[in-house]
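Work out the full structure: start from the sequences and follow the hints.
In order, the protein sequences belong to chains A and B.
Once you know that position 40 of the first sequence is 40 in the numbering used here, the rest is easy, because the numbers rise by one and skip nothing.
To convert, count from 1 in the second sequence and add 1000; that's the numbering used here.
Think of the hints as simulated: they come from the structure by calculation, not from any bench.
Be aware that a few hints might be false.
[To be verified] Here are the simulated DSS-like pairs of lysine-lysine, each with C-alpha atoms no more than 25 Å apart in a straight line:
#1 A:K49 to B:K1071
#2 B:K1027 to B:K1051
#3 A:K100 to A:K49
#4 B:K1051 to B:K1062
#5 B:K1044 to A:K100
#6 A:K68 to B:K1027
#7 B:K1071 to A:K100
#8 B:K1051 to B:K1071
#9 B:K1062 to A:K100
#10 A:K49 to B:K1044
#11 A:K49 to A:K61
#12 B:K1027 to A:K49
Computed from a predicted model, the values in this text were never measured in an experiment.
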Amino acid sequence: AQSVTQPDIHITVSEGASLELRCNYSYGATPYLFWYVQSPGQGLQLLLKYFSGDTLVQGIKGFEAEFKRSQSSFNLRKPSVHWSDAAEYFCAVGGLGDYKLSFGAGTTVTVRA
Amino acid sequence: NAGVMQNPRHLVRRRGQEARLRCSPMKGHSHVYWYRQLPEEGLKFMVYLQKENIIDESGMPKERFSAEFPKEGPSILRIQQVVRGDSAAYFCASSPGGQRDTEAFFGQGTRLTVV
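Okay, here's the thing in structure tokens:
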């Protein structure tokens, strides 16, 4: 069975500080991994995805994520957060031909001035 | 290039009424997925459809819920006799299909409130 765990329910970070969101997954085959962001009252926007190749993936809005197969992790990072990064972030896992995505419960990021 | 369009964005229904949620996939996409997000939870898969065909409805509640994706027009998620527990955000996603099935694009969701 596939599953995603996001251990941190809520993170508060100062504007300009770095941010790291944790994601651990369980998947029986080669995983496809995704990070989505959901701003209040909005839909899901894809930040980045990993299918294969370079394990360090660059996304939009200055985010990056690193796939570590040995740790079953796909952590999201941003060197310097902006107030507009306050949102909820979801990690998801799927696979080749596996149309169902399994989502973590999300991490809410609050940015303080 | 319009994205996945869902309407309405917000829907209020009284207990016992029917809710109809619509989803128009991205241009060129023939596969549609519905997910439900309950308060303070992640998204849960409900159903996967292609035109005129339900591929997988394993995530759909056994009663009151149905989905369709007709040859013409949007995909519809229908909830009959709504109850308070149906209050949630319902997201639709679409993909081109084939081996790119997992590269899905999401709409902005319909937030259903049952009063």
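Here is how each hint holds up against the structure:
1. A:K49 to B:K1071: 31 Å, violated
2. B:K1027 to B:K1051: 13 Å, holds
3. A:K100 to A:K49: Since the Cα atoms of K100 of chain A and K49 of chain A sit roughly 15 Å apart, the hinted pair holds (cutoff 25 Å).
4. B:K1051 to B:K1062: 22 Å, holds
5. B:K1044 to A:K100: 9 Å, holds
6. A:K68 to B:K1027: Judged against 25 Å, a Cα distance of about 35 Å means the pair is violated.
7. B:K1071 to A:K100: Holds. K1071 of chain B to K100 of chain A sits at ~23 Å (cutoff 25 Å).
8. B:K1051 to B:K1071: 6 Å, holds
9. B:K1062 to A:K100: Satisfied, since the Cα-Cα distance of roughly 19 Å is no more than 25 Å.
10. A:K49 to B:K1044: 19 Å, holds
11. A:K49 to A:K61: 14 Å, holds
12. B:K1027 to A:K49: 21 Å, holds
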